[in-house]
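Asker: Each chain is listed here by its residues.
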Amino acid sequence: MALRNTRSGFGLVAILFHWLAAVLAAGLFVSGLWMTGLDYYDPWYNRAPDLHRSFGVVLFVLLGLRLIWRALNPAPAPEPGIRRWEHVAAVVVHWAMYLLLFAIIAAGYLLSTVDGRSIEVFDLLSVPSLYSGGDNLEDLAGAIHYWLAMLLAGLVGLHTLGALKHHFRDRNRTLVRMVRPVRRREPRQS
Amino acid sequence: MRKLIIATTSALSLSLVAGIAQAEPEQYELDPRHSFIEFRVSHLGFATMVGQFNDFDGEFTYDPDNPSNSEVSVTIDTASIDTDDSERDRHLRNEDFLNVSEYPEARFVSTSFEEHGDGEATLEGELTLHGTTRPITIDVNQLGAGEDPWGGYRRGFEGTVTLDRSDFGIDYDLGEEAEEVELYLSVEGVRQD
Chain U
0 MALRNTRSGF
10 GLVAILFHWL
20 AAVLAAGLFV
30 SGLWMTGLDY
40 YDPWYNRAPD
50 LHRSFGVVLF
60 VLLGLRLIWR
70 ALNPAPAPEP
80 GIRRWEHVAA
90 VVVHWAMYLL
100 LFAIIAAGYL
110 LSTVDGRSIE
120 VFDLLSVPSL
130 YSGGDNLEDL
140 AGAIHYWLAM
150 LLAGLVGLHT
160 LGALKHHFRD
170 RNRTLVRMVR
180 PVRRREPRQS
Chain R
0 MRKLIIATTS
10 ALSLSLVAGI
20 AQAEPEQYEL
30 DPRHSFIEFR
40 VSHLGFATMV
50 GQFNDFDGEF
60 TYDPDNPSNS
70 EVSVTIDTAS
80 IDTDDSERDR
90 HLRNEDFLNV
100 SEYPEARFVS
110 TSFEEHGDGE
120 ATLEGELTLH
130 GTTRPITIDV
140 NQLGAGEDPW
150 GGYRRGFEGT
160 VTLDRSDFGI
170 DYDLGEEAEE
180 VELYLSVEGV
190 RQD
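Chains as they are written, first to last, in numbering that gives the first Met the number 0: chain U, 0 to 189; chain R, 0 to 192.
Please keep in mind that the hints were generated in silico from the structure rather than gathered at the bench.
It should be emphasised that the depicted structure is a prediction, and the values quoted were computed from it without experimental measurement.
Every residue gets a Cβ at the ideal spot worked out from N, C-alpha and C, and that includes glycine.
One should not assume that every hint holds.
[To be verified] Quick look at which bits of chain R chain U covers, simulated, 3 or more residues with Cβ under 8 Å:
1) 28-36
2) 163-173
[As the list claims (entries may be wrong)] Label pairs and their calculated CB-CB ranges:
3) Val189(R) <-> Gly63(U): 48 to 58 Å
4) Ser131(U) <-> Pro148(R): 55 to 65 Å
5) Asp38(U) <-> Thr159(R): 28 to 38 Å
6) Phe45(R) <-> Arg179(U): 24 to 34 Å
7) Pro134(R) <-> Val92(U): 13 to 23 Å
8) Val189(R) <-> Val92(U): 36 to 46 Å
9) Asp170(R) <-> Arg179(U): 55 to 65 Å
10) Ala70(U) <-> Glu37(R): 32 to 42 Å
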């Protein structure tokens, strides 16, 4: 089992980054929708937003590390039989998801910190407010946070449909290699 | 002396008194930098949360010869609510509380003003908040009036009134201690005429 990517598949680190980001993003999406509807007397009324903010910061750090790892590793080539437009669409969706994730995190950070308050990450670490001010900027940030998250959920749907199509219709290894790390010392292709 | 006579004959009809007094009421506009609309709500009975509205404007007239001939109106931009917590402010603006997209303005228009001496007075009027108009009574204290250092003339009041949120249809459950909201108003007007 390789830690690093090769031209034919993903290493363990890239795979873990992918699924950790997926679980975190999905958890943040669901918890965000759920917690904003909580009753004032719900035991989670304060705890859920605390955790949501904390995990949001964790996702930000994870995405940063993931991009660094990505830059230091070869990108596996598309599976044989994948058409050019499919590959282009996949790349566009991948980068759109990265962009949206960062934009959503930035908006969420702003809506919590424009009053000058810090974000407490699990009561361990404090992320300071970098920008405070602007009249009711939190309203704009909140609307962006919400609608970009909806857009991202749509893209995740497309991304998932694509993966399922490759697996069940095209019967190629696109999905499998996102689960099973490439073998170490694989003989070079070409 | 003249003031005293008029004050003691306040039972006379307004038009009659105005006729005697002759002088026009003084016109004032609120100085936003020296006017404050603050509110206080109990947090579960443990502490008091203080907030304010940042944007509002208003004007009043004051008739020194016949104070009951004075009037005031204030319009508040409800979205300017500020409790020094961006997330809480967003919540206060949404449908659970002020619903500012539906009701962007709150408005107070006086219906009567009565002085009791020593600067104390009672101001009655209609408050429109959250789309609901209700009569309210504000206890007022006139703090002072006179020339400012920059050639203007100012007059200032403070007032308090306690509102029942549910009277205005704002009934999100924050516990019974938080059903009442105390408003503290501190306003300074700059004379316009």
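Asker: It remains to establish, for every hint, whether it holds in the given structure.
Answerer: These are the hints, each one checked on the structure:
1. 28-36: violated (count 0)
2. 163-173: This one holds; 3 residues, not fewer than the three required, reach chain U with a Cβ under 8 Å.
3. Val189(R) <-> Gly63(U): 48 to 58 Å: 54 Å Cβ-Cβ, so the 48 to 58 Å window holds.
4. Ser131(U) <-> Pro148(R): 55 to 65 Å: violated (33 Å)
5. Asp38(U) <-> Thr159(R): 28 to 38 Å: With a Cβ separation near 31 Å, Asp38(U) and Thr159(R) satisfy 28 to 38 Å, so the hint holds.
6. Phe45(R) <-> Arg179(U): 24 to 34 Å: violated (55 Å)
7. Pro134(R) <-> Val92(U): 13 to 23 Å: Roughly 59 Å apart at Cβ, these two residues miss the hinted range, so it is violated.
8. Val189(R) <-> Val92(U): 36 to 46 Å: Since the Cβ atoms of Val189(R) and Val92(U) sit about 60 Å apart, the hinted range of 36 to 46 Å is violated.
9. Asp170(R) <-> Arg179(U): 55 to 65 Å: At 56 Å between Cβs, range holds.
10. Ala70(U) <-> Glu37(R): 32 to 42 Å: Given a distance of about 53 Å, which is not inside 32 to 42 Å, the answer is violated.
The earlier numbered hints that this structure contradicts are 1, 4, 6, 7, 8 and 10.
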